[in-house]
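Each chain, letter by letter, is given below.
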Amino acid sequence: MEDKITFIKDGIRLDGRRVDEARPIKVEVGVLARADGSCYLEMGNNKVIAAVYGPREVHPRHLQEVSRAIVRYRYNMASFSVEERRRPGPDRRSYELSKVSREALSPVILTSYFPRSVIDIFVEVLQADAGTRTAGINAASVALADAGIPMKSLISSCAAGKVDDQIVLDPMKEEDNFGQADMPIAMTPGGEITLLQMDGHMTVEESHRAMELAMKGCRDIYNMQRKVLIDRYSQMENATRQEEAVI
Amino acid sequence: MSTVVSEIRKDYLYNLMLKGQRADGRTFNGYRPISIEKNVVQKAEGSALVKLGKTQVLVGVKIQPGEPFADTPNRGVIITNAELVPLASPSFEPGPPNEFGIELARLVDRGVRESKSLDLDSLCIVPGEKVWIVFIDVHILDDCGNIMDASSLGAIAALLTATVPAKKFGLGEDYPLPVNDIPIATTAVVFGGVTMFDPDVDEESIADTKLTVITRADGSICGMQKSGTGVLTQDEIYRIVDIACENGKEIREKFLES
Amino acid sequence: MDRMDRKVAIPGDLLSEDKGRSGEGTYVKDDKVYSLLYGIANYRDKINVIPLAGKYVPATGDNVIGIVKDVTFSNWIVDINSPYDGLLHISEFPKRIEMDEMQNYLRIGSSVMARVKDVDSTMKVELTLNDRRLGTLKTGRIIEISHTRVPRLIGKGGSMISMLKKELNCNIFVGQNGRIWVNGNEKEMDLALKTILIIEKEAHTNGLTDRIVEFLRTETSARS
Numbered sequence: 001m002e003d004k005i006t007f008i009k010d011g012i013r014l015d016g017r018r019v020d021e022a023r024p025i026k027v028e029v030g031v032l033a034r035a036d037g038s039c040y041l042e043m044g045n046n047k048v049i050a051a052v053y054g055p056r057e058v059h060p061r062h063l064q065e066v067s068r069a070i071v072r073y074r075y076n077m078a079s080f081s082v083e084e085r086r087r088p089g090p091d092r093r094s095y096e097l098s099k100v101s102r103e104a105l106s107p108v109i110l111t112s113y114f115p116r117s118v119i120d121i122f123v124e125v126l127q128a129d130a131g132t133r134t135a136g137i138n139a140a141s142v143a144l145a146d147a148g149i150p151m152k153s154l155i156s157s158c159a160a161g162k163v164d165d166q167i168v169l170d171p172m173k174e175e176d177n178f179g180q181a182d183m184p185i186a187m188t189p190g191g192e193i194t195l196l197q198m199d200g201h202m203t204v205e206e207s208h209r210a211m212e213l214a215m216k217g218c219r220d221i222y223n224m225q226r227k228v229l230i231d232r233y234s235q236m237e238n239a240t241r242q243e244e245a246v247i
Numbered sequence: 001m002s003t004v005v006s007e008i009r010k011d012y013l014y015n016l017m018l019k020g021q022r023a024d025g026r027t028f029n030g031y032r033p034i035s036i037e038k039n040v041v042q043k044a045e046g047s048a049l050v051k052l053g054k055t056q057v058l059v060g061v062k063i064q065p066g067e068p069f070a071d072t073p074n075r076g077v078i079i080t081n082a083e084l085v086p087l088a089s090p091s092f093e094p095g096p097p098n099e100f101g102i103e104l105a106r107l108v109d110r111g112v113r114e115s116k117s118l119d120l121d122s123l124c125i126v127p128g129e130k131v132w133i134v135f136i137d138v139h140i141l142d143d144c145g146n147i148m149d150a151s152s153l154g155a156i157a158a159l160l161t162a163t164v165p166a167k168k169f170g171l172g173e174d175y176p177l178p179v180n181d182i183p184i185a186t187t188a189v190v191f192g193g194v195t196m197f198d199p200d201v202d203e204e205s206i207a208d209t210k211l212t213v214i215t216r217a218d219g220s221i222c223g224m225q226k227s228g229t230g231v232l233t234q235d236e237i238y239r240i241v242d243i244a245c246e247n248g249k250e251i252r253e254k255f256l257e258s
Numbered sequence: 001m002d003r004m005d006r007k008v009a010i011p012g013d014l015l016s017e018d019k020g021r022s023g024e025g026t027y028v029k030d031d032k033v034y035s036l037l038y039g040i041a042n043y044r045d046k047i048n049v050i051p052l053a054g055k056y057v058p059a060t061g062d063n064v065i066g067i068v069k070d071v072t073f074s075n076w077i078v079d080i081n082s083p084y085d086g087l088l089h090i091s092e093f094p095k096r097i098e099m100d101e102m103q104n105y106l107r108i109g110s111s112v113m114a115r116v117k118d119v120d121s122t123m124k125v126e127l128t129l130n131d132r133r134l135g136t137l138k139t140g141r142i143i144e145i146s147h148t149r150v151p152r153l154i155g156k157g158g159s160m161i162s163m164l165k166k167e168l169n170c171n172i173f174v175g176q177n178g179r180i181w182v183n184g185n186e187k188e189m190d191l192a193l194k195t196i197l198i199i200e201k202e203a204h205t206n207g208l209t210d211r212i213v214e215f216l217r218t219e220t221s222a223r224s
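Residue numbers (the numbering used here), protein chains in the order written: chain X, 1 to 247; chain W, 1 to 258; chain F, 1 to 224.
Each computed EDC-like pair below joins lysine to aspartate or glutamate, with the alpha-carbon atoms no more than 16 Å apart:
id: 1; chain 1: F; residue 1: K29; chain 2: X; residue 2: E192
id: 2; chain 1: F; residue 1: K124; chain 2: X; residue 2: E65
id: 3; chain 1: W; residue 1: K226; chain 2: W; residue 2: E103
id: 4; chain 1: X; residue 1: K152; chain 2: F; residue 2: D30
id: 5; chain 1: W; residue 1: K43; chain 2: X; residue 2: E174
id: 6; chain 1: F; residue 1: K69; chain 2: X; residue 2: E57
id: 7; chain 1: W; residue 1: K43; chain 2: X; residue 2: E84
id: 8; chain 1: F; residue 1: K138; chain 2: W; residue 2: E7
id: 9; chain 1: F; residue 1: K166; chain 2: F; residue 2: D210
id: 10; chain 1: W; residue 1: K19; chain 2: F; residue 2: E186
id: 11; chain 1: W; residue 1: K19; chain 2: F; residue 2: D190
id: 12; chain 1: W; residue 1: K168; chain 2: X; residue 2: E84
id: 13; chain 1: W; residue 1: K168; chain 2: X; residue 2: E83
id: 14; chain 1: F; residue 1: K69; chain 2: W; residue 2: E7
id: 15; chain 1: W; residue 1: K43; chain 2: X; residue 2: E83
id: 16; chain 1: F; residue 1: K138; chain 2: W; residue 2: D11
Covered by chain X, according to a simulated footprint, are these stretches of chain W (three or more residues, beta-carbon under 8 Å):
id: 17; region: 37-43
id: 18; region: 59-66
id: 19; region: 79-87
id: 20; region: 90-96
id: 21; region: 130-141
Taking CB as the label site, the calculated pair distances span:
id: 22; chain 1: F; residue 1: N206; chain 2: X; residue 2: E205; range: 51 to 59 Å
id: 23; chain 1: F; residue 1: E17; chain 2: W; residue 2: E103; range: 54 to 62 Å
id: 24; chain 1: F; residue 1: T209; chain 2: X; residue 2: D220; range: 39 to 47 Å
id: 25; chain 1: X; residue 1: I230; chain 2: F; residue 2: V28; range: 18 to 26 Å
id: 26; chain 1: F; residue 1: A222; chain 2: W; residue 2: E93; range: 46 to 54 Å
id: 27; chain 1: X; residue 1: H59; chain 2: F; residue 2: D120; range: 19 to 27 Å
id: 28; chain 1: F; residue 1: D190; chain 2: W; residue 2: L232; range: 27 to 35 Å
Hints were generated in silico from the structure; no laboratory data involved.
Using N, Cα and C, we set each Cβ at its ideal position, and we do this for glycine too.
Using the sequences and the hints given, assemble the complete structure.
Listed below in structure tokens is the structure:
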């Protein structure tokens, strides 16, 4: 007989959330001076920062493509971002996450506008608590907009998981480590899925429920991403208007 | 990818310098505004986000039990690493630390080690077998000049907030990491015969020589490093050391002794 | 301009149900117009989205300010604040010079006011200095603003820039690539750069020209 942690009691999870509730999100745009676009994002205890450089010259040159910009995405975890210190530098996991994250964003980026150049996206995980890839994609998407990159839309990302045989939105560390399944997705506001991964065990019906819940999470995140971008300049407009009113 | 500084820009900075001025209005010895936010990463045993003007550096301290070095079986271990991640500057590239990153990490390490800031004897758990290993990881976020001083400041600020996680490893109660001294690194560039402290990116790009001086709370020096391809005169060095002591004292009192 | 005609948009925002109104910085999907950029959407006959940031992409005929970053066999390679370098061929220099003299005229770090002579489909950018208004820059100062704010700095029919030149008593050359050259006495240049940075910061706001005129009056009267 194994000891089982109870993750959900009376519909309430370990951290006090309901099953369909995401963790609190904080988004700030334009946080770095050197980068062309940047975004700091917190999703629960995840803290990530994304920077976009470019379009710029490609080095090494042989990577250039004649008719479009290439997109590079580097997901990196700070050594102190996790419980046990992590050796610096990329491992197999971060290579995989970089690849799928790049592919999650690529469908909306109009690379044909910038032949022979590169758009570099760098995501640094400063603190990890399950869901760093989704947090990174959310931050990167805002940073791309901030850098003035032409895009069909933003991309929003969120995971659904399965714990105690129930489908939950946005699993945190304990649920991810000891839960039955995890399914991160990313999508356009129109509902086109650009990232899908799943590990664990789910019935087909459960996977449908997880998909719907994760999509709901993405829509909520999209509204926050959009708001932070709009507010940044609306505030300036308002400030200027007030000045005018005083004069 | 290095960007070319135009001659017009160089001339402008040079002419300002002749008038005793800097582009952002500071005096030659003056620092940009400093802010330190402590304990920003809860997963780390200690952390600090330092802003020096627009430069931003995050330092995390992790403390874990491990094996001592064979030649110091009864002493704790300090391991310092710096990541010049490509997020922080158009001229940083992905990959293992290059010589700049390694020099930076070694200087941060030198400040902590040589100031005897950490009492390594007290970090012994079982002599010859188990000691506390203190990892100081410097993560540069935005390089707008003088990441050296920002990193060093971040390291000591993070150490000052750090807790030894004894409970997690069944080694008694947690306790604050004992810190005995507060080393402060102060960097100046030499340009056209004058010395300018806390250089920004433009000033770094036109000066060919830098000197970092690390001072302790008692006003003594615990580390120095000249870098760059230019030369320094004896007078310049003495002047930089004097001002480094003053700047170090001010920063220490204002931001780290509370 | 009526305020109701402008609003902040992000990529993917639905701007109109009428695909005929698709202007710059927009795209059409299923007969509807969406924003391609993060910027200010201007509603006229067409809807254009003016980006708030982004890299300069050279176009034939643009005036740009460049910094020489390399000298090759017969070309100067010029940084034009863009993903693409400009090539200035020796024959595009205003006077006839020999290849071994190239360094005497323009070397690494030299600044030029140039015109984009041609851009091909692979983004090979050719520059020229062959015009009386173009040439090398040896005095004055250069600042960089986002190239997306350049139209605002120039103003409708050049109104803003001619006002600045008049009020500031400075020579000002605006590069489409967001680099601005200013030449005058030190104080006038200080004020000019300060003013240009305000225009950059507030480019998306209404009533800017009037505020700038007001700002310059206050600054100059405070000085005298």
